[in-house]
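Protein chains: 4
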Amino acid sequence: MKIKVGINGYGTIGKRVAYAVTKQDDMELIGVTKTKPDFEAYRAKELGIPVYAASEEFLPRFEKAGFEVEGTLNDLLEKVDIIVDATPGGMGEKNKQLYEKAGVKAIFQGGEKAEVAQVSFVAQANYEAALGKDYVRVVSCNTTGLVRTLNAIKDYVDYVYAVMIRRAADPNDIKRGPINAIKPSVTIPSHHGPDVQTVIPINIETSAFVVPTTIMHVHSIMVELKKPLTREDVIDIFENTTRVLLFEKEKGFESTAQLIEFARDLHREWNNLYEIAVWKESINVKGNRLFYIQAVHQESDVIPENIDAIRAMFEIAEKWESIKKTNKSLGILK
Amino acid sequence: MKIKVGINGYGTIGKRVAYAVTKQDDMELIGVTKTKPDFEAYRAKELGIPVYAASEEFLPRFEKAGFEVEGTLNDLLEKVDIIVDATPGGMGEKNKQLYEKAGVKAIFQGGEKAEVAQVSFVAQANYEAALGKDYVRVVSCNTTGLVRTLNAIKDYVDYVYAVMIRRAADPNDIKRGPINAIKPSVTIPSHHGPDVQTVIPINIETSAFVVPTTIMHVHSIMVELKKPLTREDVIDIFENTTRVLLFEKEKGFESTAQLIEFARDLHREWNNLYEIAVWKESINVKGNRLFYIQAVHQESDVIPENIDAIRAMFEIAEKWESIKKTNKSLGILK
Amino acid sequence: MKIKVGINGYGTIGKRVAYAVTKQDDMELIGVTKTKPDFEAYRAKELGIPVYAASEEFLPRFEKAGFEVEGTLNDLLEKVDIIVDATPGGMGEKNKQLYEKAGVKAIFQGGEKAEVAQVSFVAQANYEAALGKDYVRVVSCNTTGLVRTLNAIKDYVDYVYAVMIRRAADPNDIKRGPINAIKPSVTIPSHHGPDVQTVIPINIETSAFVVPTTIMHVHSIMVELKKPLTREDVIDIFENTTRVLLFEKEKGFESTAQLIEFARDLHREWNNLYEIAVWKESINVKGNRLFYIQAVHQESDVIPENIDAIRAMFEIAEKWESIKKTNKSLGILK
Amino acid sequence: MKIKVGINGYGTIGKRVAYAVTKQDDMELIGVTKTKPDFEAYRAKELGIPVYAASEEFLPRFEKAGFEVEGTLNDLLEKVDIIVDATPGGMGEKNKQLYEKAGVKAIFQGGEKAEVAQVSFVAQANYEAALGKDYVRVVSCNTTGLVRTLNAIKDYVDYVYAVMIRRAADPNDIKRGPINAIKPSVTIPSHHGPDVQTVIPINIETSAFVVPTTIMHVHSIMVELKKPLTREDVIDIFENTTRVLLFEKEKGFESTAQLIEFARDLHREWNNLYEIAVWKESINVKGNRLFYIQAVHQESDVIPENIDAIRAMFEIAEKWESIKKTNKSLGILK
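Residue numbers (the UniProt record's numbering), protein chains in the order written: chain S, 1 to 334; chain P, 1 to 334; chain F, 1 to 334; chain E, 1 to 334.
Check the hints yourself; a few may be wrong.
It does not matter which identical chain is meant; a pair holds if it fits inside one copy or across any two.
Stated by the list, open to error - No more than 30 Å apart at the CA atoms, straight line, and that leaves these computed lysine-lysine pairs for BS3-like:
1) Lys133 to Lys334
2) Lys249 to Lys45
3) Lys334 to Lys79
4) Lys226 to Lys325
5) Lys286 to Lys113
6) Lys251 to Lys94
7) Lys175 to Lys101
8) Lys2 to Lys175
9) Lys175 to Lys328
10) Lys101 to Lys2
11) Lys36 to Lys175
12) Lys325 to Lys113
13) Lys226 to Lys79
14) Lys334 to Lys36
15) Lys334 to Lys324
16) Lys45 to Lys328
17) Lys227 to Lys286
18) Lys175 to Lys226
19) Lys325 to Lys4
20) Lys286 to Lys226
By construction, these hints were calculated from the structure, which means they are not laboratory data.
Modelling step: build the complete structure from the supplied sequences, incorporating the hints.
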């Protein structure tokens, strides 16, 4: 019997999770919600995905456009075992009561506070913690990126200082700026460090900056080691870490642009780069300090986590069984 | 017997033409050339595409990297019936003598002067002109875009004034600016008008501006009509024109960003939008003037033209047979 | 006796008008309003400019910051002969009743509908129309730019088609995008043509596009002539047109970036380029069509118009007397 | 007797140094060199600054344009006591022999290797080291920024890790990208740390990233303290450090855009922000780690250093006498 999955919010994250669900043999996509009949809604229909209004208030928009919906979120909730909340940050908390009322499990995204769920989740770090849970939060794209590489070396970590250079808006978000400025989060440490600690206990502090680009975030990471580790050790560890890939400037990966071009060359859907990209040349150990630079594809790195979270919450697969299954289904390279 | 195709230059255009060739049942991809062993070269190898050095001078680069090549361009030329020259603008002219010496047909891109070939080509406009020819030039992305829509209404056109707002660099080209300026081609009319006239005889003048974006060009077109035409007529004509699609702002297509998002939602390889995108709401007739706005995906709109040109040059298909075949193979919507 | 001027809204336009007023020997700056105690408010204080709260509702913000204000807009209105409304587009209409109640004359900016005022104004085109009026609207930066050059050749103009390539946000506005897209105003003709007609009767149609730059707008202008005019004639006319300057690509003016650099080299306050910049090489006549390209500094080209409008409304100077006075006071080159 | 100063290279840095020299009562600007007669050259002439060709090879360009030069660099060298080399990075080293041959002192910029000069210089850190020297290198904009704040707290510094988010191109440089990508210097630590050590002995490591903006660099600085220091101490120290200013987000300084707007509001020539801008809210101490964020105006922060270096090299002023003189002449706030 397949797990019946609904998606609340069919935007950047929601449409990717929906796609990923259709690639799983143990899950079934029951429907998605939209607030308006835009091209994404029409595309969902073309794909045969049942579309629901995110709430009654939006029904007139669909009627006006002659776009037939299957009902509203509440109707969808009656048909699913679990709902993946991919609504804008902060709304998940409000939606939670609807999910509780309907008695369905729910996954929230990183835009929500940790308190919204029983567990903050990154599959390779704490899959087991989500076993059987009703409410799980898949952490943000940046936090997921930090956890993937730091978890792999956590036994060596005494302290981490990570500087995040963030893309200002997603490729199809034309409302947000800046167009020509650098915008710091002036409070240091920023909130990203504590967010990592909701998944793994690690001593980390961060600062964050928004810059005028749309394609990827970049992290400059400095680790103070408590045990000796060589550059070669780290390369070896990352080469054996799932959902982390090493890229060489030597081969033309000079910026985030070539990383996205790599995903395009692979014909990845939406040029998704589910894996965290670490520049091989950037990995360096000086004294007790390890340095490396990684890039995060904000639109897609959390997608496999959503799929694994579903399996954990229904206890239908062991950690590595689920991760391998998800990786294979999405063409994740390792 | 399939036509043996080689590609000289495996970059933005070359890799897309190579992909398109592999989708044709009457063509065979023999090999591609590279000047250096970058990630695109490694990707070609992964795909089983024989890689050749663009010339002897580049061999050391490949040796140094331990990247085995099948030989050089001259070796490739011995094995093919036709070579698609996808080298940087202006180099095709220099390469032509090699192609002549090898006695292979050749297709050049829009970066070359019209004189390099016997015909300047846009399939739906002048397929027949390329029948049996040895040297054909597929015109630039912008010229192809102008020809596709203007050819459909050419019987009504007295005069065209088109303003081209051009993307400054391709997504994976990080060398070029500007970052925060608008750069006009100060000579008006610009060279784009005469380039259209190498394909269809039409009275057109153009001006061009470079702006800091990487994803698409946009054209603001004004046509002085010699015969009455209504807005509805034009919509009807464009709806029945191959490789032209109408998009509605109403459905969320507010900018070039959503057009690319549409191609990503279709899971098009490299988010190719082979079709010229016309904003339906922009089509308007006032008195004897027709206005419309279109967008051009500079990385991909010329790809189907390269495929059709091959068929025409070997006379293995009639115009519409080839266009339909190409469209079907690439998932072009109409 | 000097005219007592107040400024409602001390932002991009307001602070420049305030500065310009202080440069006039027949005007006196009585005060400006702010909605919050930001660095612009502190700067005004440093300059000895009385600062008022834009309305009572904002008083707490100033109190909280310990920033002493002179009162509110209503207090300012009691002390002035005229108020320059430099509030965000659309608010001027709401504010008008306050100005009427206070019995002060008012100048509105181009963000307001023409109906808000008795006259839409560009000094060199229709100064006389504003003589003695109580409510005048200084038209938008783009409309002002179009009127300045078109008015100079209006006797030759049969029809104008202008394409406007607009900066997406001002340099210090970091909220607005797009970061990497071109956004058309899909309705053609756009509203800019009719706005020109509120100042001069001319047959004009326009289209407009927003691009990711912050420094200047650019216009591509095509004029159908009803009387013969040569390239040299146009150069001669523009060289003799106030607030219009010719720039040569030959001398390094390749884009809007060098135009701003020119204003910086002049040590213009805020790098203001009050003059409309026309590329000399772009001026060209083919048959009965005249082409030229101009750039508009959206932050400053309307400033001299606000000063001249004040003089006209109080009938204290003839047209050219005022224009010359304003030009001299602001260092406008001609 | 005033010191006779020549400037080799009248671009972004050269024209600002030339302006600064004219503001000093103990220096005289003898002339500047240009490689072509662009608008900057014409501006110099308007200002009455003698213009020389950077070398004989460029004379034809000036003749062709009918731009009269005073001679070539060699002619200028005969008339000056010191030459400020503001040529593109790396050229200074080649020019040095000309300066030696002419027997004039020379100042080089940060684009040169430290070896080109006897001292690498930041006035407030090591003015005395330049006393009487013949060859001094004013370090780069980024290094100057790091030295200004770190020198003020150096007694407390055990280790510094600074991440530099760099503007990709200057405002009037339209050739360089990227337009939509983040480009890391993949080698960590980057070369910026050792460059700081050419001025002050401090244990520092850095990483650097290029982003698509033109106006300022931003540094995220983490300091490991060897002696206790509170947030209040640091604020107090920076408030008493010359050429360093504290800015509050609270007052609207949300990004680099508002910092430049502040300089524009001050009517600084070319919106120069000679001072290093530190966000007050970003200063924070956690345990033995101090964090702060600063922004650097790459076009102007090194200008006062060039002026002070001249005084030191001719031993005509003590350290603080020179710094105060320079600050006063340029309107540096403290």
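The hints, checked one at a time:
When the C-alpha separation of lysine 133 and lysine 334 is checked against a cutoff of 30 Å, the pair qualifies only within one copy, where the shortest distance is 27 Å, while the shortest distance between copies is 48 Å. When the C-alpha separation of lysine 249 and lysine 45 is checked against a cutoff of 30 Å, the pair qualifies only between copies, where the shortest distance is 19 Å, while the shortest distance within a copy is 42 Å. Proximity of lysine 334 to lysine 79 under the C-alpha cut-off of 30 Å is found in neither arrangement, the shortest distances being 34 Å within a copy and 37 Å between copies. Taking the shortest alpha-carbon separations for lysine 226 and lysine 325, neither the intra-copy value of 35 Å nor the inter-copy value of 50 Å comes in at or below 30 Å.
Proximity of lysine 286 and lysine 113 under a CA criterion of 30 Å is satisfied inter-copy only: 24 Å between copies versus 36 Å inside one chain copy. Proximity of lysine 251 and lysine 94 under a CA criterion of 30 Å is satisfied inter-copy only: 28 Å between copies versus 47 Å inside one chain copy. Taking the closest pair of Cα atoms, lysine 175 and lysine 101 never come within 30 Å of each other, the shortest separation being 35 Å inside a single copy and 38 Å across copies. In this homomeric assembly, lysine 2 and lysine 175 never come within 30 Å of each other (Cα to Cα): the closest approach is 39 Å inside a single copy and 45 Å across copies.
In this assembly of identical chains, the alpha carbons of lysine 175 and lysine 328 never lie at most 30 Å apart, being 36 Å within a copy and 36 Å across copies at closest. In this homomeric assembly, lysine 101 and lysine 2 come within 30 Å of each other (Cα to Cα) only inside a single copy, at 23 Å, whereas the closest approach across copies is 63 Å. With identical chains, the CA atoms of lysine 36 and lysine 175 are at most 30 Å apart both within one copy (17 Å) and between copies (24 Å). Proximity of lysine 325 and lysine 113 under a CA criterion of 30 Å is satisfied intra-copy only: 29 Å inside one chain copy versus 53 Å between copies.
Proximity of lysine 226 and lysine 79 under a CA criterion of 30 Å is satisfied in neither setting, with 51 Å inside one chain copy and 60 Å between copies. In the homo-oligomer, the alpha carbons of lysine 334 and lysine 36 lie at most 30 Å apart only across protomers (27 Å), although the nearest pairing inside one protomer, at 37 Å, exceeds that limit. In the homo-oligomer, the alpha carbons of lysine 334 and lysine 324 lie at most 30 Å apart inside one protomer (9 Å), although the nearest pairing across protomers, at 39 Å, exceeds that limit. Taking the shortest alpha-carbon separations for lysine 45 and lysine 328, both the intra-copy value of 26 Å and the inter-copy value of 22 Å come in at or below 30 Å.
In the homo-oligomer, the alpha carbons of lysine 227 and lysine 286 lie at most 30 Å apart both inside one protomer (13 Å) and across protomers (23 Å), since each shortest distance falls under that limit. For the identical chains of this complex, lysine 175 and lysine 226 are neighbours neither inside a copy (45 Å) nor across copies (41 Å), given an alpha-carbon limit of 30 Å. In the homo-oligomer, the alpha carbons of lysine 325 and lysine 4 lie at most 30 Å apart inside one protomer (18 Å), although the nearest pairing across protomers, at 40 Å, exceeds that limit. Taking the closest pair of Cα atoms, lysine 286 and lysine 226 come within 30 Å of each other both inside a single copy (13 Å) and across two copies (20 Å).
The structure fails hints 3, 4, 7, 8, 9, 13, 18 (numbered hints given earlier, in ascending order).
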